[in-house]
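A.B. asks: Residue numbers for the sequence shown follow this note's numbering, so the first one is 125 and each next one is one higher.
For the record, the hints were derived by calculation from the structure and aren't laboratory data.
Do not rely on the hints blindly, as some may be mistaken.
As the list claims (entries may be wrong) - Capping the alpha-carbon separation at 27 Å, the derived lysine-lysine pairs in DSS-like fashion look like this:
1) Lys182 - Lys169
2) Lys192 - Lys182
3) Lys207 - Lys169
4) Lys158 - Lys174
5) Lys168 - Lys207
6) Lys210 - Lys158
7) Lys168 - Lys210
8) Lys168 - Lys158
9) Lys210 - Lys169
10) Lys208 - Lys168
11) Lys182 - Lys158
12) Lys207 - Lys158
13) Lys192 - Lys174
14) Lys182 - Lys168
15) Lys169 - Lys208
16) Lys158 - Lys208
17) Lys208 - Lys192
18) Lys174 - Lys207
19) Lys158 - Lys192
20) Lys210 - Lys174
21) Lys208 - Lys174
As the list claims (entries may be wrong) - Estimated spans, in silico, between C-beta atoms of each pair:
22) Cys136 - Lys207: 24 to 30 Å
23) Gly150 - Ser190: 29 to 35 Å
24) Ile164 - Gln185: 25 to 31 Å
This structure is a prediction, so every number in the text was calculated from the model and none was measured.
Cβ coordinates follow ideal geometry from the N, Cα and C atoms, glycine included.
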Amino acid sequence: LGVRYYTTDRICVDRELGTCTVELNGLDYDIRYKLSYYLIGNDKKIVNIKPEYDDLRKLRQQTGFSIKYLTQLLQAELNSLIKKNKK
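Given only the sequences and the hints, what does the whole structure look like? Please build it.
C.D. replies: Following this line, the structure appears as structure tokens:
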């Protein structure tokens, strides 16, 4: 019987909550999102960004779009928001 062991490094990411406005079918909706990141010096390295599930459910009821479709749409919107803010 053998036992393997090893050490590993770990970092903890910080989280921010934010809100953005998206337009669907000519109407504006406020969507909350979570942004996970870690800092290297003064530079923010983004790990993940995703919309709040409760807002997706509410938006699904209001628009009739599927949660999967809304997730893909909002993910693209949030990714463009990140790129715009980096400039």
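A.B. asks: If a hint holds in the structure, say so; if it does not, say that too.
C.D. replies: Results for each hint:
For the suggested pair lysine 182 and lysine 169, the alpha carbons sit about 30 Å apart, so the restraint of at most 27 Å is broken. A threshold of 27 Å between alpha carbons decides the hint, and for lysine 192 with lysine 182 the separation of about 13 Å falls inside it, so the pair holds. The hinted pair formed by lysine 207 and lysine 169 meets the criterion: a straight-line CA distance of about 12 Å does not exceed 27 Å. Between lysine 158 and lysine 174, the direct Cα distance comes to roughly 6 Å. Compliance with the 27 Å bound is thereby established for this hinted pair.
Between lysine 168 and lysine 207 the alpha-carbon distance is near 13 Å, which keeps this suggested pair within the 27 Å criterion. For the suggested pair lysine 210 and lysine 158, the alpha carbons sit about 17 Å apart, so the restraint of at most 27 Å is met. Taking the CA atoms of lysine 168 and lysine 210, the gap is about 10 Å. The hint holds against a cut of 27 Å. At roughly 15 Å between alpha-carbon atoms, lysine 168 and lysine 158 fall within 27 Å of each other, so this suggested pair holds.
Only pairs whose Cα atoms come within 27 Å are accepted, and lysine 210 paired with lysine 169 is accepted, the gap being roughly 11 Å. Between lysine 208 and lysine 168 the CA atoms are separated by roughly 14 Å; this keeps the pair inside 27 Å, and the hint holds. At most 27 Å may separate the alpha-carbon atoms for a hinted pair to count; lysine 182 and lysine 158 meet this at roughly 17 Å. Of the pairs offered as hints, the one joining lysine 207 and lysine 158 holds, with about 16 Å between alpha carbons and a cut-off of 27 Å not exceeded.
Taken as a hint, the lysine 192 and lysine 174 pair is honoured in the structure, with Cα atoms around 13 Å apart against an allowance of 27 Å. Distance check on the hinted pair: lysine 182 and lysine 168 sit about 31 Å apart at the alpha-carbon level, beyond 27 Å; violated. Our distance criterion of 27 Å between C-alpha atoms is met by lysine 169 and lysine 208, whose separation comes to about 15 Å. This hinted pair checks out: lysine 158 and lysine 208 have alpha carbons roughly 17 Å apart, not beyond 27 Å.
A C-alpha spacing of about 24 Å is found between lysine 208 and lysine 192, which places the hinted pair at or below 27 Å, so the restraint holds. For the proposed pair lysine 174 and lysine 207, the alpha carbon gap of about 15 Å is at most 27 Å, so the pair holds. Between lysine 158 and lysine 192, the direct Cα distance comes to roughly 18 Å. Compliance with the 27 Å bound is thereby established for this hinted pair. Restraint check for lysine 210 and lysine 174: satisfied, since their Cα atoms lie roughly 17 Å apart, inside the 27 Å limit.
For a cut-off of 27 Å, the pair hint linking lysine 208 to lysine 174 stands: about 16 Å separates their Cα positions. A hinted range of 24 to 30 Å for the beta carbons of cysteine 136 and lysine 207 is consistent with their spacing of about 25 Å. Glycine 150 and serine 190 have their C-beta atoms about 19 Å apart, which leaves the hinted 29 to 35 Å range violated. Checked against the hint of 25 to 31 Å, the pair isoleucine 164 and glutamine 185 fails, with Cβ atoms roughly 41 Å apart.
Comparing the model with each numbered hint stated earlier shows that hints 1, 14, 23, 24 do not hold.
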